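The lines below spell out each chain.
2 protein chains.
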Amino acid sequence: MAKPVSPRGLARERVLSAALALFVEHGVHGTSVGMIAERLGVSKAAVYYQFSSKEDIVQEVLRPVVENTSRVIKIAEALPTWEAQRAVVISGLVEMAVGHRQLTAVFHADPAIAQVGSPELRAATDRLRELLEGPDPDPTSRIAITLFFAGVGSVAADPQFADIDDDDLHRALLDLSNRILQPATNTV
Amino acid sequence: MAKPVSPRGLARERVLSAALALFVEHGVHGTSVGMIAERLGVSKAAVYYQFSSKEDIVQEVLRPVVENTSRVIKIAEALPTWEAQRAVVISGLVEMAVGHRQLTAVFHADPAIAQVGSPELRAATDRLRELLEGPDPDPTSRIAITLFFAGVGSVAADPQFADIDDDDLHRALLDLSNRILQPATNTV
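Keeping their order, the protein sequence lines are chains A and B.
Counting from 1, one number per residue, gives the positions in the first sequence under my numbering.
Counting from 1001, one number per residue, gives the positions in the second sequence under my numbering.
Treat the hints loosely; a few may be bogus.
Some chain A residues close to chain B (C-beta under 7 Å, calculated; not the full set) [what the hints assert, rightly or not]:
id, residue
1, I143
2, T146
3, G151
4, S154
5, V155
6, D158
7, P159
8, I164
9, I180
Quick look at which bits of chain A chain B covers, simulated, 3 or more residues with Cβ under 8 Å [to be verified]:
id, segment
10, 25-38
11, 94-106
The hints are simulated quantities; they were obtained by calculation from the structure and are not laboratory data.
Predicted, not measured: the structure shown is a model, and the values here were computed from it.
Ideal Cβ placement from N, Cα and C applies to all residues, glycine included.
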């Protein structure tokens, strides 16, 4: 067994950053605490000094998205009309996907993570979808919203766009999102 | 070991249909020949009488998509302008996703299948993307095309739309695809 480094030498942020990189490469289920320790050149004990379990690491990696999602929901819910709420949700989701591309890639590769990783996040995602759908959505709207979620996630997660900067990617995705989610001309 | 049924009693189509259902439930990697046999209530030997390997079954399950894709490519390539080619590819892809929803679900859950399952299919998919992109695509077009592929696949694969009939789903997706792939108003 490798000699543990001083726990003080191992910042929580370094563990989270190594974990996220491994999640992107191997998926959450394909990543172990041992792999995270190896990537950092430390013992498993040093990682366990900071986090009680892999589950704990997953929760912390997801935290920025959970917090961001809750913020978007709060901002949207404070607005008076559904149209205004919807605009905030669309823009907020695009911002999140672009601003957290690595996390988006993890979700995109394994959508079950939202459920496994955090019931809180699952609830927040459901609420975002409700805000987008509005009261009594027709099938055409539900189709557009499903396409929007998957499409934006897929682009933000795609390494071929890694060299496009956040502002440009945000602008392109927001333009596409508005086209997708504009009221339909014909309905199913 | 179960007693093999008469191989004549086991149609190839029944094996392919059971295999596809299991691929949807467990993924291609999570499905074994034993599971296919069990689903059909026959021995593995009965399955192996029809197919030499799981790989062989995967190829046969994918065959309709490979053939369909080749046909779409041939039709498109015969057209004189890129605009006309592009319209055929968009419509052909939507038709395929809707007409083979179960297969679309398998691809959507594991995009690596196209590569593992059939180099022919991989080449055909790349050609479709080239036809969509046209010569010298800008980043905005590439973003829209990536979103189109992922979005259409995600909707066609989603069980929440299972009760929408093919014609209606085709119409809704074609409308969305045309919105997504119309020339951009601003570029990255």
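Hinted contact I143/A with chain B - closest CB pair below 7 Å: With Cβ-Cβ at 5 Å, under 7 Å, it holds.
Hinted contact P159/A with chain B - closest CB pair below 7 Å: 11 Å, violated
Stated coverage of the segment 25-38 of chain A by chain B [criterion: 3+ residues, CB within 8 Å]: Answer violated; 0 residues pass the 8 Å Cβ test.
Interface hint status, S154/A versus chain B (Cβ within 7 Å): 3 Å, holds
Interface hint for I180/A, Cβ within 7 Å of any Cβ on chain B: At about 6 Å, which falls below the 7 Å cut-off, the nearest Cβ of chain B leaves the hint on I180/A intact, so it holds.
Hint validity - D158/A Cβ closer than 7 Å to any chain B Cβ: 6 Å, holds
Hinted contact V155/A with chain B - closest CB pair below 7 Å: Hint holds; V155/A Cβ to chain B Cβ min 5 Å, cut 7 Å.
Hint status (Cβ of I164/A to nearest Cβ of chain B, threshold 7 Å): With a minimum Cβ separation of about 6 Å from chain B (threshold 7 Å), the hint on I164/A holds.
Coverage of the segment 94-106 of chain A by chain B, judged on three or more residues with CB within 8 Å: violated (count 0)
When the least beta-carbon distance from T146/A to chain B is tested against 7 Å, hint result: 5 Å, holds
Cut-off 7 Å, beta-carbon criterion: hint that G151/A touches chain B: Holds - the Cβ of G151/A comes within 7 Å of chain B, reaching about 4 Å at its closest.
Figure legend: structure checked against the earlier numbered hints; hints not met, in rising order: 7, 10 and 11.
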